[in-house]
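S.K.: Each chain, letter by letter, is given below.
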Amino acid sequence: SQTIHQWPATLVQPVGSPLSLECTVEGTSNPNLYWYRQAAGRGLQLLFYSVGIGQISSEVPQNLSASRPQDRQFILSSKKLLLSDSGFYLCAWDWDRGFDNEQFFGPGTRLTVL
Amino acid sequence: RKEVEQDPGPFNVPEGATVAFNCTYSNSASQSFFWYRQDCRKEPKLLMSVYSSGNEDGRFTAQLNRASQYISLLIRDSKLSDSATYLCVVTALNYGGSQGNLIFGKGTKLSVKP
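Those protein sequence lines, which keep their order, are chains Z and G.
So the first sequence is numbered by the working numbering: it starts at 1 and just counts up by one.
So the second sequence is numbered by the working numbering: it starts at 115 and just counts up by one.
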């Protein structure tokens with residue numbers, strides 16, 4: 001069966017500090033991978049998606065970046081955090097068999113920027 | 115018009131009640147539709163896909179009206195454990211050039227009381 005891991009689970013960081021969130025998927029190969037952010041009282045916002053190693057598409061301009069160094073690893077980074085970066089960050093995957101697929105989410109990282 | 119609209123609720127119902135959630139979407143090119151459930155401070159989890167013919171899973175029934183761009187979720191015999199936020203989700207195929215991405219509603223909060 002497939003599992004998706006995220007760490008850390010919670011993070012409190014000062015404004016201007018760097019960020020690195022990691023997501024890994026087990027039990028599948030060549031998945032599509034996604035980073036979402038859910039701000040308090042708001043819906044999920046797609047930040048990045050990746051259809052393969054080194055292939056990253058950005059959905060919204062921001063001070064975040066993503067990388068996919070390995071097939072089942074997806075990393076979200078920032079060089080300098082802003083207060084507005086606070087939120088619940090969710091990684092998700094789906095099957096690489098075309099689109100319109102349901103996505104499966106990791107447990108998330110709750111980030112607070114102070 | 116927002117891409118996916120839901121009544122935010124909250125819906126406060128007694129145990130055993132029947133409750134219905136509605137959702138409208140703006141992209142007529144959307145191909146796939148889902149309901150996700152999100153518990154407080156947890157990741158969204160797939161509840162069920164929504165098919166054109168309507169589908170049922172135990173106490174849950176989902177229906178789709180493509181002509182009206184409307185999706186519904188009916189929960190019969192509500193349980194305390196049904197308390198959660200229910201997210202309406204549609205695909206964004208061919209929408210703004212993004213492929214395979216899911217568009218999430220902000221969710222409808224359900225609270226089932228004893």
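Think of the hints as simulated: they come from the structure by calculation, not from any bench.
One thing to keep in mind: the hints can contain errors.
Cross-link-like lysine-lysine pairs, in silico, DSBU-like; alpha carbons within 35 Å at most [what the hints assert, rightly or not]:
#	chain 1	residue 1	chain 2	residue 2
1	G	Lys193	Z	Lys79
2	Z	Lys80	G	Lys156
3	G	Lys116	G	Lys223
4	G	Lys193	G	Lys156
5	G	Lys193	Z	Lys80
6	G	Lys159	Z	Lys79
So these bits of chain G aren't anywhere near chain Z, every CB distance computed over 10 Å [as the list claims (entries may be wrong)]:
#	residue
7	Val133
8	Ser140
9	Ser146
10	Phe148
11	Ser163
12	Glu170
13	Thr175
14	Gln177
15	Ser195
16	Asn215
17	Phe218
18	Gly219
19	Gly221
20	Lys227
One side only, chain Z facing chain G, incomplete, derived with CB under 10 Å [stated by the list, open to error]:
#	residue
21	Trp7
22	Pro8
23	Glu26
24	Gly43
25	Leu44
26	Leu46
27	Tyr49
28	Asn101
29	Phe104
30	Gly106
31	Arg110
Remember, it's a predicted structure, so these values are computed and weren't measured experimentally.
For glycine and all other residues, C-beta sits at the position ideal for the given N, C-alpha and C.
S.K.: Now tell me if each hint is right for this structure.
M.R.: Taking the hints in turn, this is what the structure says about them:
1. The hinted pair formed by Lys193 of chain G and Lys79 of chain Z fails the criterion: a straight-line CA distance of about 46 Å is larger than 35 Å.
2. As the CA atoms of Lys80 of chain Z and Lys156 of chain G are separated by approximately 26 Å, the hinted pair is consistent with the 35 Å bound.
3. Proximity of Lys116 of chain G to Lys223 of chain G is assessed by CA-CA distance (about 19 Å); at most 35 Å being required, the pair is judged to hold.
4. Restraint check for Lys193 of chain G and Lys156 of chain G: satisfied, since their Cα atoms lie roughly 19 Å apart, inside the 35 Å limit.
5. Pair hint Lys193 of chain G plus Lys80 of chain Z does not hold up; C-alpha atoms about 45 Å apart against a cutoff of 35 Å.
6. Taken as a hint, the Lys159 of chain G and Lys79 of chain Z pair is honoured in the structure, with Cα atoms around 31 Å apart against an allowance of 35 Å.
7. Even its closest Cβ contact with chain Z, about 21 Å, leaves Val133 of chain G beyond 10 Å, as expected for a residue assigned away from the interface.
8. Consistency note on Ser140 of chain G: stated as away from chain Z, and its beta-carbon is indeed over 10 Å from all of that chain's, at 14 Å minimum.
9. At the 10 Å boundary, the C-beta of Ser146 of chain G falls inside the reach of chain Z, the nearest C-beta of that chain being 4 Å off.
10. The claim that Phe148 of chain G is not at the interface with chain Z is violated, since a C-beta of that chain comes within 10 Å of its own (minimum 6 Å).
11. Some Cβ of chain Z comes within 10 Å of the Cβ of Ser163 of chain G; the nearest lies about 6 Å off, and the non-interface call is violated.
12. A cut-off of 10 Å between C-beta atoms confirms that Glu170 of chain G is not in contact with chain Z; the least separation is 18 Å.
13. Distance check on Thr175 of chain G: its Cβ is at least 18 Å (rounded) from any Cβ of chain Z, clearing the 10 Å threshold; non-interface status holds.
14. At the 10 Å boundary, the C-beta of Gln177 of chain G stays outside the reach of chain Z, the nearest C-beta of that chain being 18 Å off.
15. With a least CB separation of 19 Å from chain Z, Ser195 of chain G remains clear of the 10 Å interface cut-off, as annotated.
16. The Cβ of Asn215 of chain G does not lie farther than 10 Å from every Cβ of chain Z; its closest approach is about 6 Å, which violates its non-interface assignment.
17. Non-interface status of Phe218 of chain G relative to chain Z is broken: a Cβ of that chain comes within 10 Å, the nearest being about 4 Å off.
18. Distance check for Gly219 of chain G against chain Z: the nearest CB is about 6 Å away, which does not clear 10 Å, and the non-interface claim fails.
19. Not every CB of chain Z lies more than 10 Å from the CB of Gly221 of chain G, the least distance being 7 Å, so the non-interface label is violated.
20. No beta-carbon of chain Z is positioned within 10 Å of the beta-carbon of Lys227 of chain G; the least distance is around 23 Å.
21. Hint status for Trp7 of chain Z: violated, given a least beta-carbon distance of 14 Å to chain G, over 10 Å.
22. This hint is violated: Pro8 of chain Z has a C-beta 15 Å from the nearest C-beta of chain G, more than the 10 Å allowed.
23. With a cut of 10 Å, the hint placing Glu26 of chain Z at the interface with chain G is violated, because the nearest CB-to-CB distance is about 16 Å.
24. For Gly43 of chain Z, the suggested interface contact is upheld, since its CB lies about 4 Å from the closest CB of chain G, less than 10 Å.
25. Restraint check, Leu44 of chain Z versus chain G: the minimum CB separation of about 4 Å is within 10 Å; hint holds.
26. Interface hint status for Leu46 of chain Z: upheld, as the beta-carbon distance to the closest one in chain G is roughly 6 Å, under 10 Å.
27. For Tyr49 of chain Z, the shortest C-beta to C-beta distance to chain G is roughly 6 Å, which falls under 10 Å, so the interface hint holds.
28. At a threshold of 10 Å, the smallest CB-CB gap from Asn101 of chain Z to chain G is about 7 Å, leaving the interface hint in force.
29. Given the 10 Å rule on beta carbons, the hint for Phe104 of chain Z holds: about 7 Å separates it from the nearest Cβ of chain G.
30. Here the hint on Gly106 of chain Z is kept, as its CB sits about 6 Å from the closest CB of chain G, short of 10 Å.
31. Annotation: Arg110 of chain Z was flagged as interfacial toward chain G, and the flag holds, the nearest CB pair being 7 Å apart, inside 10 Å.
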